[in-house]
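**Q** Chains A and B supply the protein sequences, listed in that same order.
Be aware that the first sequence starts at 897, since it is given in our numbering, and climbs by one per residue.
Be aware that the second sequence starts at 1428, since it is given in our numbering, and climbs by one per residue.
Hints are computed from structural coordinates only; laboratory data are not their basis.
Treat the hints loosely; a few may be bogus.
[What the hints assert, rightly or not] Covered by chain B, according to a simulated footprint, are these stretches of chain A (three or more residues, beta-carbon under 8 angstroms): (1) 922-929; (2) 963-972; (3) 988-999.
[What the hints assert, rightly or not] Counterexamples of contact, computed for chain A against chain B with all Cβ distances above 10 angstroms: (4) Ile898; (5) Ser903; (6) Pro904; (7) Asp906; (8) Ser915; (9) Pro935; (10) Gly937; (11) Thr949; (12) Leu955; (13) Val960; (14) Asp977; (15) Ala984; (16) Val1004; (17) Pro1006.
[Unchecked claim] Derived coverage of chain B by chain A (criterion: at least 3 residues anywhere in the stretch with Cβ under 8 angstroms from a Cβ of chain A; other residues may be distant): (18) 1445-1451; (19) 1501-1507; (20) 1537-1544.
Just so you know, even glycine gets a beta-carbon here, dropped at the ideal spot from N, CA and C.
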Amino acid sequence: GIQVEQSPPDLILQEGANSTLRCNFSDSVNNLQWFHQNPWGQLINLFYIPSGTKQNGRLSATTVATERYSLLYISSSQTTDSGVYFCAVEGRTSYGKLTFGQGTILTVHP
Amino acid sequence: SAVISQKPSRDICQRGTSLTIQCQVDSQVTMMFWYRQQPGQSLTLIATANQGSEATYESGFVIDKFPISRPNLTFSTLTVSNMSPEDSSIYLCSVEEGARGSSYNEQFFGPGTRLTVL
């Protein structure tokens, strides 16, 4: 099956700093999503981005499908950005099934 | 986006017992999925639940341990049977918005059920 690797596994920032999270995947995809899991376990949809670039406030994401990677940019980080960020992909023949990366644990200090 | 609720939100159970988790969606959806997140780990797909057909299980998950029902297009249940401490996890359901075969297939997740087995 498709493999998903996220880096870095852990990231510690001071409030106001910028960061880039990376997601590499091993095969062509129908779907790629970025999620933020808050401390209560809720998965928050950040981006649906199988290709191209999107922006939402301080967050933006870029997926280069031909090179099989996606990047999530967080600018001017805030303490509320802390949590786990997951990349998940649906392979071409996966029929809706998402494969998740191992996540990036982000800690933002005041 | 679809609004998804799960019951219970959390539970503490004794080993050997079973727990049924409910997932309710506020709109009709074709595909529903059940995921497990073990402590400190990522999410792993348990099974796909489509209305009118048997659930399809992923490798490592079996129907006897995780029976699933999908009686209509807005509801599904997952039962965790004969529980052991290793079943302590967050269980999440998800739904896919957008028609299969279309160019849009975003998934949304319920709030999860946090299960602790003693």
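**Q** A separate judgement is required for each hint: does it hold in the structure or not?
**A** Structure-based check of all given hints:
Restraint check on the region 922-929 of chain A versus chain B: 3 residues with Cβ-Cβ distances below 8 angstroms, three needed, restraint holds. Judged by the Cβ-Cβ criterion of 8 angstroms, the region 963-972 of chain A is not covered by chain B as claimed, because only 0 of its residues qualify and three are needed. Only when three residues or more bring their CB closer than 8 angstroms to a CB of chain B does the claim for the region 988-999 of chain A stand; here the count is 9, and the claim holds. Distance check for Ile898 of chain A against chain B: the nearest CB is about 12 angstroms away, which clears 10 angstroms, and the non-interface claim stands.
Every beta carbon of chain B lies more than 10 angstroms from that of Ser903 of chain A, the smallest distance being close to 14 angstroms; the non-interface claim holds. Non-interface call for Pro904 of chain A relative to chain B: holds, since the shortest CB-CB distance, roughly 15 angstroms, exceeds 10 angstroms. Asp906 of chain A, annotated as away from the interface, keeps every beta carbon of chain B farther than 10 angstroms; the closest lies near 12 angstroms. For Ser915 of chain A, the shortest C-beta to C-beta distance to chain B comes to about 20 angstroms, beyond the 10 angstroms cut-off, and the non-interface label holds.
Under the 10 angstroms C-beta cut-off, the non-interface status given to Pro935 of chain A relative to chain B holds; the minimum distance is some 12 angstroms. Not every C-beta of chain B lies more than 10 angstroms from that of Gly937 of chain A, the closest at about 5 angstroms, which undercuts listing it as non-interface. Listed as a non-interface residue, Thr949 of chain A keeps its Cβ farther than 10 angstroms from every Cβ of chain B; the least gap is roughly 17 angstroms. Taking the minimum C-beta to C-beta distance to chain B, about 16 angstroms, the non-interface status of Leu955 of chain A holds against the 10 angstroms cut.
In this structure Val960 of chain A is separated from chain B by more than 10 angstroms, as the shortest Cβ-Cβ distance comes to about 18 angstroms. Under the 10 angstroms C-beta cut-off, the non-interface status given to Asp977 of chain A relative to chain B holds; the minimum distance is some 19 angstroms. Listed as outside the interface, Ala984 of chain A is inconsistent with that label: its C-beta sits roughly 8 angstroms from the nearest C-beta of chain B, within the 10 angstroms cut-off. Residue placement check: Val1004 of chain A keeps its beta carbon more than 10 angstroms from all beta carbons of chain B (closest about 20 angstroms).
For Pro1006 of chain A, the shortest C-beta to C-beta distance to chain B comes to about 25 angstroms, beyond the 10 angstroms cut-off, and the non-interface label holds. With 0 residues bearing a CB less than 8 angstroms from a CB of chain A, the region 1445-1451 of chain B misses the requirement of three and the coverage assertion fails. With 0 residues bearing a CB less than 8 angstroms from a CB of chain A, the region 1501-1507 of chain B misses the requirement of three and the coverage assertion fails. Remark: the region 1537-1544 of chain B is confirmed as covered by chain A, as 3 of its residues place a Cβ nearer than 8 angstroms to a Cβ of that chain, reaching the required three.
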